[in-house]
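Chemist: Take a look at the letters that make up each chain.
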Amino acid sequence: MKAPKLNKDQVQKLMLSLIGIVVLLYVYFSYFLGPLSKSRANALIEIEDRQSKLNGSKGEIDKAAKLEQTAKNAAARFELMKTFYPEGAPIAWFPPRIKAFFAAQKIDKASAKLDGNGGFAQSELSGWAQYNWIVDLPHTDYKQLGRAVAELENSEPLLTIQKLSVQGSHEQPQFQSVSLVVANAIMEKK
Amino acid sequence: MALQLNLLHEQFTEERQRQRDPLKIGIRVLIGLAVMLVLYYAWSAYRTLQIKGRLAGLDHDWQKVEPKVTAAQKRVEELNAIISATRVLDNYIESRFFWAPLLERIAGCVAPNTQVTNFNASVDGNKGVQLVIDGYAAGREPRAVAEDFRQMLIEQLGQNSFGIQPRPRPKNAEPAETEEVVVDQVREGSPAQQAQIQPGDSILRIDNHDVKNIGDLADLSAEVELGKKINMEVQRKGRTLKLGAEVKERRANYKDVKVEFKSLEEVDQVAMLSGSHMPMARYTLAISFKSAGQGPALAVARNRK
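These protein sequences, in sequence, are chains A and B.
Heads up, the first sequence is in the working numbering, so the first residue is 1031 and it goes up one at a time.
Heads up, the second sequence is in the working numbering, so the first residue is 3 and it goes up one at a time.
Just so you know, not all the hints are guaranteed correct.
Straight-line distance between alpha carbons at most 25 Å, and here's what the computed DSS-like set of lysine-lysine pairs gives [as the list claims (entries may be wrong)]:
hint, chain 1, residue 1, chain 2, residue 2
1, A, K1102, B, K76
2, B, K76, A, K1093
3, A, K1096, A, K1112
4, B, K76, A, K1035
5, A, K1088, B, K70
6, A, K1129, A, K1139
7, A, K1093, A, K1083
8, A, K1193, B, K264
Just so you know, these hints were derived from the structure itself, not from any lab.
Quantities reported herein were computed from a predicted structural model and do not represent experimental measurements.
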């Protein structure tokens, strides 16, 4: 079949119609259907997100409740550990506390001085610091020292004795001068 | 007539030509397409509205639940942090070296003819303890008195919860992965004595754990469950015996105990012992061991009171 011959005017009109169709399609897809589809796709993604959050919410709440039960002991122990030391700078309360402790053990003239402090390497103890102290007991006897050390180790679980030095007295051999290097873990209260 | 027909033909052709006007066809196609697109748009908009309605419903539900979920998530984070911090702190507390049992054991070794003048000890991060003791020993043979003190320290520091004193390694011998663990002494009233373990027995197994070296004995002693019957397998004169014991008290366990003289020399001084003058020797003992585990220091404190 032979294609009908178009005159110049008809070709121009045909081109104009084609341009019109192209413009219509462009405007339709770019400014009407495109944004609508995009908005629908976004809404679907949000629905999926909300749905998964809603589905997971019960699990999250249950998980917290379950963990609350299993962590009861740990939480209670942690709370207890926090109460071992009073608030305030350790330099203010540790030396008097040590002095009072040894006085109660019948060891007088005990003194403690700060030897340095630093954080823990473990990330779990980021809120805790380790304070090192030198504790001097200038006049004690071995028996009293043994009792006092045992009591100290039992009553201060966050305290460790790192060095222990006992020097005998020449004048009174029954008495000794003792120096302890101790470190204690203290939670830095904010 | 022919002219009329010809004119009519031209009129038809013109009419047909007008009907095939591309602009008109184009406008009609455009209108048709536009109608279809509008309909499709309307249908899409309806679907989008439906979806948005669903989203609004879910948002409403989520807003109700979100504070609870956020609080729960925060609490889970807090609790996990508490659990891990407590675990690390527990480890910190449990891995402490308790000095009171060591002081007690050393006190038990110091005889009236021995004096300790200086005592310097430190513990490292691996629970390895280094200790230097200076002092004097007095007696007819003061070096022998100092050697007795050294032997006593080896015996006391080598004690464990079972009450088995293993035969020490030969001098300068390093701990080996596999070595025969021979009983040197059995502590009076100890679980080992109840189980009728005798000096010279070789310890093979304790509660299905092979005892490959002296360190294993200390480790098993540190882990023993109090009040539970333990089974011991020993070799005596070529025969394998199965014995039972119960550990009622956990003691501090030290392994790889080394007690060596750094110096031992007689000095130009005499001591008064039981009314007589005795020669004296000055000694320096270097002690090292690793702590395998220990009993509660409070028990020691109570025992001492």
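Chemist: Hints first: check each against the structure and report whether it holds.
Modeler: Here is how each hint holds up against the structure:
1. The hinted pair formed by A:K1102 and B:K76 meets the criterion: a straight-line CA distance of about 16 Å does not exceed 25 Å.
2. In summary, the hint linking B:K76 to A:K1093 is supported, as the alpha carbons are separated by about 12 Å, within the 25 Å threshold.
3. With a C-alpha separation of about 24 Å, the suggested pair A:K1096 and A:K1112 falls inside the 25 Å cut-off, and the hint holds.
4. Restraint check for B:K76 and A:K1035: the C-alpha separation of about 79 Å exceeds 25 Å, so the hint is violated.
5. For the hint linking A:K1088 to B:K70, the alpha-carbon distance of about 10 Å falls within 25 Å, and the restraint holds.
6. Of the pairs offered as hints, the one joining A:K1129 and A:K1139 holds, with about 7 Å between alpha carbons and a cut-off of 25 Å not exceeded.
7. The straight-line distance between the Cα atoms of A:K1093 and A:K1083 is roughly 14 Å, inside the 25 Å bound, and the hint therefore holds.
8. Between A:K1193 and B:K264 the alpha-carbon distance is near 20 Å, which keeps this suggested pair within the 25 Å criterion.
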